[in-house]
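Here is what each chain is made of, one letter per residue.
Number of protein chains: 2
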Amino acid sequence: MQIWKDYQEKNKARFLDEMLDLLRIPSVSAKSEHKADMLKCAEAVKKSLLAAGCDKAEVMPTEGHPVVYGEKIIDPSKPTVLVYGHYDVQPAEPLELWHNDPFDPVIKDGKVFARGSADDKGQFFMHVKALETQVKTNTLTTNIKFLIEGEEEVGSPNLGKFVAAHKSLLKADVILISDSSMLSMENPSLDTGVRGLSYIQVEVTGANRDLHSGTYGGAVANPITILAKMIASCHDENNHITIPGFYDDVAVATKEERELLNKAPYDEKEYKDELGVKELWGEKGYTTYERTGIRPTLELNGIWGGYTGEGAKTVLPSKAYAKISARLVPNQSSDKMTELLLNYFKSIAPPSVTVKAELHHGGEPYMTPIDSKGYKAAAKAVETTFGKAPIPVRGGGSIPICSILEKELGIKIVFMGFGLDNDNLHSPNEKYNIENYYKGIETIPYFHKYFAEN
Amino acid sequence: MQIWKDYQEKNKARFLDEMLDLLRIPSVSAKSEHKADMLKCAEAVKKSLLAAGCDKAEVMPTEGHPVVYGEKIIDPSKPTVLVYGHYDVQPAEPLELWHNDPFDPVIKDGKVFARGSADDKGQFFMHVKALETQVKTNTLTTNIKFLIEGEEEVGSPNLGKFVAAHKSLLKADVILISDSSMLSMENPSLDTGVRGLSYIQVEVTGANRDLHSGTYGGAVANPITILAKMIASCHDENNHITIPGFYDDVAVATKEERELLNKAPYDEKEYKDELGVKELWGEKGYTTYERTGIRPTLELNGIWGGYTGEGAKTVLPSKAYAKISARLVPNQSSDKMTELLLNYFKSIAPPSVTVKAELHHGGEPYMTPIDSKGYKAAAKAVETTFGKAPIPVRGGGSIPICSILEKELGIKIVFMGFGLDNDNLHSPNEKYNIENYYKGIETIPYFHKYFAEN
Chain H
1 MQIWKDYQEK NKARFLDEML DLLRIPSVSA KSEHKADMLK CAEAVKKSLL AAGCDKAEVM
61 PTEGHPVVYG EKIIDPSKPT VLVYGHYDVQ PAEPLELWHN DPFDPVIKDG KVFARGSADD
121 KGQFFMHVKA LETQVKTNTL TTNIKFLIEG EEEVGSPNLG KFVAAHKSLL KADVILISDS
181 SMLSMENPSL DTGVRGLSYI QVEVTGANRD LHSGTYGGAV ANPITILAKM IASCHDENNH
241 ITIPGFYDDV AVATKEEREL LNKAPYDEKE YKDELGVKEL WGEKGYTTYE RTGIRPTLEL
301 NGIWGGYTGE GAKTVLPSKA YAKISARLVP NQSSDKMTEL LLNYFKSIAP PSVTVKAELH
361 HGGEPYMTPI DSKGYKAAAK AVETTFGKAP IPVRGGGSIP ICSILEKELG IKIVFMGFGL
421 DNDNLHSPNE KYNIENYYKG IETIPYFHKY FAEN
Chain R
1001 MQIWKDYQEK NKARFLDEML DLLRIPSVSA KSEHKADMLK CAEAVKKSLL AAGCDKAEVM
1061 PTEGHPVVYG EKIIDPSKPT VLVYGHYDVQ PAEPLELWHN DPFDPVIKDG KVFARGSADD
1121 KGQFFMHVKA LETQVKTNTL TTNIKFLIEG EEEVGSPNLG KFVAAHKSLL KADVILISDS
1181 SMLSMENPSL DTGVRGLSYI QVEVTGANRD LHSGTYGGAV ANPITILAKM IASCHDENNH
1241 ITIPGFYDDV AVATKEEREL LNKAPYDEKE YKDELGVKEL WGEKGYTTYE RTGIRPTLEL
1301 NGIWGGYTGE GAKTVLPSKA YAKISARLVP NQSSDKMTEL LLNYFKSIAP PSVTVKAELH
1361 HGGEPYMTPI DSKGYKAAAK AVETTFGKAP IPVRGGGSIP ICSILEKELG IKIVFMGFGL
1421 DNDNLHSPNE KYNIENYYKG IETIPYFHKY FAEN
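In order, the protein sequences belong to chains H and R.
Residue 219 in this note's numbering is what sits at position 219 of the first sequence, and the numbering runs on without skipping anything.
Residue 1424 in this note's numbering is what sits at position 424 of the second sequence, and the numbering runs on without skipping anything.
Bound conformation, chain H alone (with noise of 0.2 Å):
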């Protein structure tokens, strides 16, 4: 619609300033240092969602960080849509490996580099700048609410809870997210799915306190080598995950449905190139789509212990710590997998440590179909700025919210990501494509129309 290209070319300057203002803002929200910083993006989030023209806004308390939520109600009657997205960012570490200031955004070559640029702070965004598009244009077609939380990143420990008690409120007809990425722009996809979450922390104690590696090195314990062995023990040569019982509730995907996957552009040159590996690894039996589509797998996402200093200390560690992760796919239940991790990693601990298994967080894994009234507007929107049909893929990545929200509000979600594999989400330098930002707002006003219509 010509009215929103016009809006949206005369505004675009604006529409970037405004998001970078939100990226300046540190909302780490597994650090408890950053706890004044998720209040203060709270409200900033509130204040764009009244400017943008939302009847209310409103910061809402949880038992942790804040939930956001807003709405622009034109008539009951019609068809509301629910925009969840997250204000909270991923710790910035390490951070001698970013190029800038995580939190001081640079624009370079046409992208946004900032924590929180494409995930999710960029993207959710969009949904504020759409709104500003349809209402300012009087073009408006739905209600839209906004549910924008704070904790997505450390597992939505309390929105449970919350959506449990304000159902009425976030009463909707389907579920909009913007919190995933596509193929390309130029193979633009909607993901069908995402993956489930059992992210668990162990610690390994050999003696009670540090000791000189020679005095005692080869007569106790060293509880690094021992949690070595531990993880060592999680994959066999096929890198085929071995924690018995692990794949027990996997649904199998059909030929139909592995083919379909495959059917997406892939260049495994392209893809090791880009990720500077000379192979890639993973379970053997499947491609790459369907390694981090629809198979589980079992991340280490950090491990430490000892000296981890310049230079050299001979010393034998008192403890070794590991953080670890598994990705679930329907029908595995994060709750029943992280107990299988948890009693995996105590169990298999020889009798000369003792180790500690707790539960970070965890998230169900999460399919949506592609014939619902949501995902063909969501199609149909993408078609009409791309010029070109999406792909429906698996995403990789978990939001652990999608299942409680289904359950609790009885509707469907549709992905509708914007960001790129290469975004580096949850890594140093994390950029969203500027191109890929107004493409978002030029797209999204589309599914509320066709949804409307259809």
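Calculated directly from the structure, the hints in this document are not laboratory data.
Hints are all accurate, no fakes.
Here's a subset of chain H near chain R, in silico, CB distances under 7 Å, partners left out:
| hint | residue |
| --- | --- |
| 1 | Glu-93 |
| 2 | Gly-302 |
| 3 | Leu-425 |
Here are the simulated DSSO-like cross-link-like pairs (lysine-lysine), alpha carbons at most 30 Å apart as the crow flies:
| hint | chain 1 | residue 1 | chain 2 | residue 2 |
| --- | --- | --- | --- | --- |
| 4 | R | Lys-1346 | H | Lys-284 |
| 5 | H | Lys-346 | R | Lys-1284 |
| 6 | R | Lys-1388 | R | Lys-1010 |
| 7 | H | Lys-346 | R | Lys-1272 |
| 8 | R | Lys-1269 | H | Lys-346 |
| 9 | H | Lys-31 | R | Lys-1031 |
| 10 | R | Lys-1161 | R | Lys-1056 |
Built from N, CA and C at the ideal position, the CB exists for glycine as well.
Fit chain R to the supplied structure of chain H, relying on the hints for placement.
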């Protein structure tokens, strides 16, 4: 000798205070930020040598941290004892596990808690105070030279060159070192050797940047997982090291040697209780004293990679690191073993990662005969002040410079350590019992007396 006892009794408070002053200087050789502290400490040692009666003392440069040399020559025709020690200390990390500032000594229950209290400031300083005792009572019967270096904790990279360049300055009849421990005050012992060391660092790199563990998890090698597999491959189920060639040069201890070694008092329950472990860990077929004395070991001194902060971060890291060291026994060569370790870790890396392995430092194992004039003088000195002949034992630690000192100077080393295994060397809350400190000062003059008489 009563005259020594009287002098020491009268000056004991000052003897302790002076040791504490030395402990207040954070002379951490491994960390470049402590360069000025290293110089300050060297100057303090020099001053203490002059104050104790040395004719001359100087801070002598090397390519790294300087060496402190001092001497008291009473008569060139008399025997000369070269005292070796080191004024540098291990890094104090992890700081949060200390009950006091590691460089602000605290006295509690008759123990001095501070980094370097036992290793080695408190121990080499006994020799300074023993010199003072003999000089001030006009009872010195040998010449004494001091070689106090500043790089022991980083593998003495520059001392070999220094010694080679100053052979005539360092000319002596025996080398005396207090940088080790004894079994207990009730069961005094003398080390008959120290283990060698090969200390390396391994860096495993997967992708060229940290990745989102959902987007890429399962399709790209995780360097932590790979590193864990590499570490796990080093020991079999009997805790025997599986690196090909690792044991090739190990001098097999005779039945008699093993019997002698196992005559030292050992209470497994007490040993375990003191360490807070339910079970010991070690190479099958060997006792604890054998595992720490006559057998080589491979220990993980540190490991790190990925996210190690508070909370959860779903990152698939680009890099993982480990600090790994082997303790060596006769006749293993440090250079050869280092080469073997570096090659091993490089050779087992799968093609999905790249591995960099580098030497931190090394040192040869060293054995001293128990029928030498020096060993006999030490044994007699210990028997005089402890009322009990010392048990000869093999030390588990390493003093990399030993084999070089013997080679360059053509004389034997005698180990006369007064520490205890539970002094927390290289660990938080390092301590040195004040009783042991005074006992050392009491015993050392007898060594000089007996060595001169013999």
